[in-house]
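Here's the letter readout for the chains.
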Amino acid sequence: MVRGLAILLICQLAGTIIQEGTGLPIPGPVLGLVMLLVYLVRTGGPAPYVRDASNGLLKYLGLLFVPAGVGVVTEFPELKANALAILVAIPISTVLGLVVTGVLMNWFVARRGHA
Amino acid sequence: MHSLLPLPLFHVWAYLQTQPLLGLTATLLVWEVACFIDARAGHQALSNPTVLSIVILAALLVITHTSYRAYFTGAVFVHFLLGPATVALAVPMYANWPAIRQNLIAILVSLTVGSVLAASSAMLIARALGAPRMIVISLGPKSVTTPIAMGIAQDLGGQPALTAVFVLITGMFGTLICTGALRLARVKDWRAQGLAAGTAAHGLATSRMLMLNETAGAFGGLAIGLNGIVTSLALPVLVSVLGL
Numbered sequence: 063m064v065r066g067l068a069i070l071l072i073c074q075l076a077g078t079i080i081q082e083g084t085g086l087p088i089p090g091p092v093l094g095l096v097m098l099l100v101y102l103v104r105t106g107g108p109a110p111y112v113r114d115a116s117n118g119l120l121k122y123l124g125l126l127f128v129p130a131g132v133g134v135v136t137e138f139p140e141l142k143a144n145a146l147a148i149l150v151a152i153p154i155s156t157v158l159g160l161v162v163t164g165v166l167m168n169w170f171v172a173r174r175g176h177a
Numbered sequence: 690m691h692s693l694l695p696l697p698l699f700h701v702w703a704y705l706q707t708q709p710l711l712g713l714t715a716t717l718l719v720w721e722v723a724c725f726i727d728a729r730a731g732h733q734a735l736s737n738p739t740v741l742s743i744v745i746l747a748a749l750l751v752i753t754h755t756s757y758r759a760y761f762t763g764a765v766f767v768h769f770l771l772g773p774a775t776v777a778l779a780v781p782m783y784a785n786w787p788a789i790r791q792n793l794i795a796i797l798v799s800l801t802v803g804s805v806l807a808a809s810s811a812m813l814i815a816r817a818l819g820a821p822r823m824i825v826i827s828l829g830p831k832s833v834t835t836p837i838a839m840g841i842a843q844d845l846g847g848q849p850a851l852t853a854v855f856v857l858i859t860g861m862f863g864t865l866i867c868t869g870a871l872r873l874a875r876v877k878d879w880r881a882q883g884l885a886a887g888t889a890a891h892g893l894a895t896s897r898m899l900m901l902n903e904t905a906g907a908f909g910g911l912a913i914g915l916n917g918i919v920t921s922l923a924l925p926v927l928v929s930v931l932g933l
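Chain order of the listed sequences is A and B. For the first sequence, the numbering used here begins at 63 and goes up steadily by one. For the second sequence, the numbering used here begins at 690 and goes up steadily by one.
In short, the hints are calculated from the structure, not lab data. Each hint should be verified, as a subset may be incorrect.
[As the list claims (entries may be wrong)] In silico lysine to aspartate or glutamate, EDC-like type, Cα no more than 20 Å apart, as pairs: (1) A:142 to B:727; (2) A:142 to B:903; (3) A:142 to B:721; (4) B:877 to B:903.
[As the list claims (entries may be wrong)] Reference excerpt, derived from the structure (chain A facing chain B, CB under 7 Å, subset only): (5) 72; (6) 75; (7) 76; (8) 80; (9) 89; (10) 142; (11) 146; (12) 162.
[Said to hold, decoys possible] Among chain B residues calculated to face chain A with C-beta under 10 Å, some are: (13) 703; (14) 706; (15) 728; (16) 730; (17) 731; (18) 792; (19) 808; (20) 819; (21) 899; (22) 900; (23) 903; (24) 932.
C-beta: ideal position from N, C-alpha, C; glycine also.
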């Protein structure tokens with residue numbers, strides 16, 4: 063568990079160093095994700111300790127969002143002042159993204175199926 | 690709170706406010722309570738333990754006049770794990786690697802178009818309705834899974850806490866409408882349904898897909914990670930192209 067966590071942290075650290083060093087607009091942990099994915103593809107899969115640490119963290123992903131989410135208490139005035147914009151923008155854009163992604167992928171898959 | 694407590698207890702309370710113990714304990718305890726409620730409610734979209742925990746803890750902070758900063762001294766230990774958890778998403782993505790490779794172009798095109806449309810429409814609608822830049826930018830990554838979305842918002846000058854709330858609203862809305870909307874749009878293939886749900890409404894809609902079909906769930910999981918990467922790359926460009 064400790065070794066797996068250390069590997070995840072090393073990837074995050076490397077990602078953060080690259081982000082800070084180059085000024086890339088990609089969050090360090092995302093760069094860490096890409097590096098780990100490339101590593102896994104090249105080595106043919108995660109070692110058991112990497113898989114255990116990852117599954118352990120991802121099992122509680124929902125919990126990890128909570129502290130930041132509670133930060134909503136400092137944003138009540140902003141949310142109230144912009145409630146209309148937020149409650150119109152989110153549903154419309156979500157339906158748009160959902161339907162467009164689905165229709166495109168469905169079309170690709172069907173086309174391949176017929177070919 | 691002070692007026693309600695006798696003096697010795699007030700001293701204990703004041704001391705605990707400066708320590709991480711209370712905030713951390715409260716976060717874990719409330720999470721356990723929320724999971725219990727969610728299981729009792731049969732895992733409804735609205736009884737999501739993350740949403741429930743945030744509502745309960747936010748209410749506790751308001752009722753006890755505790756500042757978010759005091760709470761966060763403890764909660765930061767949980768919050769910190771979002772970084773390694775983001776890296777850990779590589780493991781389920783790797784598990785879906787054969788399916789990704791087989792449909793790589795289809796996945797990348799569908800996901801990128803859908804993701805860019807969702808992000809730009811959200812930001813443009815909010816700006817048209819008069820929202821300030823901070824709100825507009827914080828809305829940009831709302832379809833991305835929370836740890837990545839918050840990182841993106843931070844880097845672009847948005848407010849990560851607002852983004853966390855928008856991500857949750859998007860997830861709940863997406864979970865409620867995904868099957869109906871995809872049926873209306875005649876999207877029948879499970880791979881397409883899962884990819885769409887994960888792209889537009891991250892893990893919350895994906896967990897709904899997982900209940901319906903395993904392939905849909907796998908493609909949802911893959912969309913969560915890929916959309917995080919695509920949005921990280923595309924959003925800074927979108928923000929400058931759209932002049933936001």
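Taking the hints in turn, this is what the structure says about them:
Distance restraint check for residue 142 (chain A) and residue 727 (chain B): the Cα-Cα separation of roughly 28 Å exceeds the 20 Å cut-off, and the hinted pair is therefore not satisfied. Restraint check: the Cα-Cα separation between residue 142 (chain A) and residue 903 (chain B) comes to about 39 Å, which exceeds 20 Å; the hinted pair is violated. Of the pairs offered as hints, the one joining residue 142 (chain A) and residue 721 (chain B) is violated, with about 30 Å between alpha carbons and a cut-off of 20 Å exceeded. Distance restraint check for residue 877 (chain B) and residue 903 (chain B): the Cα-Cα separation of roughly 15 Å lies within the 20 Å cut-off, and the hinted pair is therefore satisfied.
The interface hint given for residue 72 (chain A) is broken, as the beta carbon of that residue sits about 9 Å from the closest beta carbon of chain B, more than 7 Å. For residue 75 (chain A), the interface hint is violated, since its Cβ never comes within 7 Å of a Cβ in chain B; the closest pair sits about 9 Å apart. Using the Cβ-Cβ criterion of 7 Å, the hint placing residue 76 (chain A) at the interface with chain B is not satisfied: the shortest such distance is roughly 10 Å. For residue 80 (chain A), the interface hint is violated, the least distance from its beta-carbon to any beta-carbon of chain B being 13 Å, above 7 Å.
Because the smallest distance between the Cβ of residue 89 (chain A) and any Cβ of chain B comes to about 3 Å, under 7 Å, the interface hint for this residue holds. Because the beta carbon of residue 142 (chain A) sits about 12 Å from the nearest beta carbon in chain B, more than 7 Å, this interface hint is broken. With 7 Å as the threshold, the beta carbon of residue 146 (chain A) comes within range of chain B, its nearest partner Cβ sitting at about 6 Å, so the hint holds. Hint on residue 162 (chain A) holds. Least Cβ distance to chain B is approximately 5 Å, under the 7 Å limit.
Taken as an interface hint, residue 703 (chain B) does not check out: its beta carbon lies about 20 Å from the nearest beta carbon of chain A, beyond 10 Å. Violation of the interface hint for residue 706 (chain B) is found here, the shortest Cβ-Cβ separation to chain A being roughly 15 Å, above the 10 Å cut-off. For residue 728 (chain B), the suggested interface contact is broken, since its CB lies about 13 Å from the closest CB of chain A, more than 10 Å. Interface restraint check: residue 730 (chain B) against chain A, minimum CB-CB distance 15 Å, threshold 10 Å, status violated.
Interface hint at residue 731 (chain B): violated, since its Cβ lies 17 Å from the closest Cβ of chain A, which is beyond the 10 Å cut-off. With 10 Å as the threshold, the beta carbon of residue 792 (chain B) comes within range of chain A, its nearest partner Cβ sitting at about 7 Å, so the hint holds. The interface hint given for residue 808 (chain B) is met, as the beta carbon of that residue sits about 7 Å from the closest beta carbon of chain A, less than 10 Å. Checking residue 819 (chain B) against chain A: minimum C-beta separation of about 6 Å stays under 10 Å; hint holds.
Checking residue 899 (chain B) against chain A by beta carbon gives a least distance of about 13 Å; that is not within 10 Å, so the hint is violated. For residue 900 (chain B), the interface hint is violated, since its Cβ never comes within 10 Å of a Cβ in chain A; the closest pair sits about 16 Å apart. Because the closest C-beta pair between residue 903 (chain B) and chain A is about 17 Å apart, greater than 10 Å, the hint is violated. Interface restraint check: residue 932 (chain B) against chain A, minimum CB-CB distance 17 Å, threshold 10 Å, status violated.
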